[in-house]
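Turn these sequences into a full structure, and let the hints guide you.
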Amino acid sequence: MQPAVVRLAGELDASDTTWADGIEQAIESGQREIVVDLLNVTFIDSSVVRALVLAHRRTAGDGWVRLVYTHHLIRRVIEICGLGDLLPQFTTVDAALRGAPARQHPLDGSASGAATTGGSPS
Amino acid sequence: MTAPRRQIVLPAELSSVRAGRRFAAEVLTGWNLPQLVEDAQLGTSELVTNAVRHAGTEVELSLQLGDAVTIEVRDREPELPRSERVEFDPTAESGRGLQIVAAICDDWGVTAQPDGKAVWFTLRLPDANAADADVLSLTERRQDSDEPAPPSDDADPEGMVEQARGTH
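First to last, the protein sequences are chains A and B.
Sequence positions in the first sequence follow our numbering and run 1006 to 1127.
Sequence positions in the second sequence follow our numbering and run 122 to 289.
In case anyone wonders, no lab produced these hints; they're calculated from the structure.
Be a bit skeptical, because a hint or two may be false.
[As the list claims (entries may be wrong)] Not everything, but these chain A residues come out facing chain B in the computed CB check (under 7 Å):
#: 1; residue: D1018
#: 2; residue: A1019
#: 3; residue: S1020
#: 4; residue: E1029
#: 5; residue: S1051
#: 6; residue: V1054
#: 7; residue: C1086
All C-beta atoms, glycine included, are put in the ideal place defined by N, C-alpha and C.
This is the structure we're talking about:
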């Protein structure tokens, strides 16, 4: 099964949680590898963090949840909530689909413990 | 002189989260404090969400401009938030809201009210309070002191951060 890409946009909060439906549907349909594309998201709060952590838990073991974003506010919220190591982060959907460790999020200052093998530039 | 204060009463429904965030942004922009909008929106979002979810009463959101900006969310439920839930556990399902508030603000707290409680946080005013003043003070510093130039933003030798910005 190909990984699912769930694209979200706008301001995500508890006001209207229909943004969570795509993630829920992916998991319900048996997806265990999910890229959450937040490139067009301009705001998140802890309600989004909660949904992402739940998705991570439900896929952990036999899959993963990867995030794609460039907005600094998203980075801040993720860091504040201590999720930097829990959810791999990327700046493009392609990189997230590849999961290439060398292309982990450039805002990620921490050394990713990921393997550096096969890091051939493409 | 009274400190400028703006307030809004929001209904006990989750759509108030977005409405409150918009209100905070609008007030701060009106006070010429756009630098505080992001933090104010993060904090307001969490506090209004908590008030609506846990108190389930209408919510009064206020912003007051003094030595700092104080943003307060009042509800009519006297039970105080349980602070022991604010713990640093990335996989915990709750408690992150106040964790975010604590991280973005200068100070925060909860005060009991006769008919409920108020949860508030303060945001420090930006230095010199305006972009123009910042430029001026920089110029002055360069002219009248031998102090070395302020460190550049080049703390990131690989330029990774710039690259990330460039992808916007």
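**Asked** Checked against the structure, which of the hints given earlier come out wrong?
**Response** Violated: hint 4 alone.
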